[in-house]
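Enquirer: Protein sequence lines correspond, in order, to chains A, B and C. So in this note's numbering, spot 149 of the first sequence is number 149, and the numbers just go up one at a time. So in this note's numbering, spot 317 of the second sequence is number 317, and the numbers just go up one at a time. So in this note's numbering, spot 48 of the third sequence is number 48, and the numbers just go up one at a time.
Quick caveat, the hints were computed from the structure, so don't treat them as lab data. Be aware that a few hints might be false.
With a straight-line cut-off of 25 Å between C-alpha atoms, the simulated BS3-like cross-links for lysine-lysine are [as the list claims (entries may be wrong)]: (1) A/Lys76 <-> A/Lys45; (2) B/Lys193 <-> C/Lys13; (3) A/Lys25 <-> A/Lys45; (4) A/Lys2 <-> A/Lys25; (5) A/Lys76 <-> B/Lys99; (6) A/Lys2 <-> A/Lys45; (7) A/Lys76 <-> A/Lys139; (8) A/Lys12 <-> A/Lys25; (9) A/Lys12 <-> A/Lys45; (10) A/Lys2 <-> A/Lys12; (11) B/Lys192 <-> C/Lys158; (12) B/Lys99 <-> A/Lys25; (13) A/Lys76 <-> A/Lys2; (14) A/Lys139 <-> A/Lys45; (15) B/Lys99 <-> A/Lys2.
Just so you know, these numbers come straight off a predicted model, no measurement behind them.
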Amino acid sequence: MKAEDLSERLLKEFPDLASSFSIDKGEAVVTVSSDVVHDTIERLKGFGFNQFEMVTAVDRGENLEVVYILHSLGMKVVIWVRTFVPRDAAWVASMVDLYTAADWLEREVYDLFGIEFRGHPDLRRIMMPFDFEGSPLRKDYVDENIIPRPDYI
Amino acid sequence: MTNDAQGTAAEIVSDGPSVREMVVNVGPSHPSTHGVCRIITHLDGEVVTEADLVIGYLHRGIEKIAENRTYLQVVPLTDRLDYVGSMYNNWAYSRAVEKLMGITVPERAEYLRVITCELQRVASHMMAVGSAGNDAGATSFFVLAFWIREQVVDLLARLSGSRLTYNYVRPGGVSFDIPEDGWVEDLRALCKKTPAALEELDRLFFGNVIAKDRTKGIGVLSAEDAIAAGVTGPSLRASGVDFDLRRDEPYSVYDRFSFDVVVGESGDSFERSRCRLLECYESLRIIEQALDQMEPGRTTAPSIPRLIAPPAGEVYERIESARGTLGVYLVSDGSVRPWRMKVRSPAFTNLSVVGTLAVGHTISDLVIIVGSFDPVFGEVDR
Amino acid sequence: MAIIDDLGQTLEKMPGGSVILTSFDALLDWSRGHSLWSQPMGTACCAMELIASSFSKFDLDRHGTFPRADPRSVDVMVVAGTISRKMAPAVLRVWEQMAEPRWCIAMGNCTVSGGIFHYDTYAVMPGVDSFLPVDVYIAGCPPRPEALQDAILQLRDKIRNESVAGGRTYEHKLLLPTSSPRVAIEDRGESA
Ligand code: SF4
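Next comes chain A alone, as it looks inside the complex (with noise of 0.2 Å):
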């Protein structure tokens, strides 16, 4: 399926979605606020995208955007879900309620970006050992190793 023909069905079932609903690149992204995530991601897997592909997060200096991507076997499409939280006080819903494949993607993305997520029943450190300080994927991560370089090489 085409993102425009979900796009169409998506909006006439939930007409309130009109304002977050966009086309990128042709893919559908959904851009919500970070205390409804849960409740949009929620609707959607009763549509029908009942994968839940990934989540992953982008640091965008003063925010941390978090980007779900769920994909629909019965529609054949993906969707994107983005919504900004703010770094120091970084904090979602966490959807393994929904979703038991949210459970180690969450913790990755908590144990590299520092975002913590809600509700989650194991939040642990899952690729850096247990007592690392620090979230290593953040811009402002220091490490004497990451060497900046100029744009020529």
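Starting from the structure of chain A, add chains B and C with the ligand where the hints point.
Expert: Then chains B and C with the ligand, alone, in the frame of chain A:
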């Protein structure tokens, strides 16, 4: 941890596990974990009551390194993610960059990508099936499967110059055209003779009553659980879900080939491994069709600069790798380096169900369950 | 190895003992060098080549090297693959479990220096020699299985120079691996 008469009487340690439960640590360096995975198992006798997987022993921070490399310098890094099937990572990443830049890839390059990736699928599945058999004790089976893998790897080495980390699929095309030394003929010969060898493998292991007893009914993953847990690829199809990205959301030139999607029924370890073996036949079919359809032409898109600086934006591209849906999420800020690269790794999500599946099985079955999901830890840990 | 070590020192002090010592060394080094069972410490991509090298096509078995995932019964640890900071203590633990005499082969750029992951990472050790004594380094990313075979042969050469008496080494003038006679003995030791 029971409170029946025996349990409380035997309780020696007050705040540790009771003597009926034992904690056994498997890994991180263990021959049957297929890499560096640590499984903390709680055992009641021989039966697993809880299995906690600790991963991250191969976490190399590739996503962070990529932020400090130019777009083309990232390609060799993606080789090292899924080192059993390097081509897929190259391809998924290249597709993401091409989409950011709006590059159209020449047709011949698309065919070459399909051919190499399907060859890679055979090589990767042979590794997976062989080591899954090895876990069940069939070493001769592993040797035979590896022999097929070696032949495929030889062909890929003649094409790309490397046995393992190919760096072959690059943004805009592929790095080399087919060599003039009879490579196509050798590939056709391989496609002719490999089915017989696969047949033999099938009989040797999957027709063997011992192997059947050892793997059937072990680690049954239902279709609903598989979907909810985000399992993809052969492991999903073994549970009876008929979904293959190559057929259902065709990318590249996959819509021009006719092939069957192998779907299993029971979703146990036997089925998962066998689905992989049967997929190899389909891959060989695709290769033969691609060789027939391929026409001479360019192998790289014209005028790709050395220093790519795509316009700002983000893309998510997914392909069907040997382990499942491999996605690359790429964010560009308009500079010559990616702002963020995230690899959605199929092995990672597939592995996450192992902990719950193993409960109720014996510890020797745990090994078989891990093997049947074919984890590659370069990709799990990234 | 305590008995053999004492034996070596005693022999060295005995008049005429070095004749026995050199013959004994020759026997011991020959037997050690020709059955180097290996602990396959394969963590990443290089492990694929490690597996390939012990299988049918390359067949390390013919050099007497046999992968045995049991640290108590092996002689050489082949570290193949990236060692992350999380993994390093586990590698060290396996190394400590191996019985003396033990050798270590660092296979692949990652184990030599961190390789492709040397810069810009927060998680990778800059080479295994930062916490292990390494005998033979193999460059390559990944090295071909032939390179591992060559490393085994080089390690064998190195073992042929060892003596049970501390501080003593032999030097072989000829480089051919099989037919070189022991031509010179050099005492490097403070103990002699
Ligand atoms: S040296 Fe290269 S091939 Fe070997 S483990 Fe490191 S990255 Fe992988």
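Enquirer: Taking the hints in turn, state whether each one holds.
Expert: Okay, the hints, checked on the actual structure:
| no. | hint | in the structure |
| --- | --- | --- |
| 1 | A/Lys76 <-> A/Lys45 | 14 Å, holds |
| 2 | B/Lys193 <-> C/Lys13 | 67 Å, violated |
| 3 | A/Lys25 <-> A/Lys45 | 23 Å, holds |
| 4 | A/Lys2 <-> A/Lys25 | 11 Å, holds |
| 5 | A/Lys76 <-> B/Lys99 | 20 Å, holds |
| 6 | A/Lys2 <-> A/Lys45 | 18 Å, holds |
| 7 | A/Lys76 <-> A/Lys139 | 35 Å, violated |
| 8 | A/Lys12 <-> A/Lys25 | 22 Å, holds |
| 9 | A/Lys12 <-> A/Lys45 | 16 Å, holds |
| 10 | A/Lys2 <-> A/Lys12 | 16 Å, holds |
| 11 | B/Lys192 <-> C/Lys158 | 47 Å, violated |
| 12 | B/Lys99 <-> A/Lys25 | 8 Å, holds |
| 13 | A/Lys76 <-> A/Lys2 | 9 Å, holds |
| 14 | A/Lys139 <-> A/Lys45 | 32 Å, violated |
| 15 | B/Lys99 <-> A/Lys2 | 16 Å, holds |
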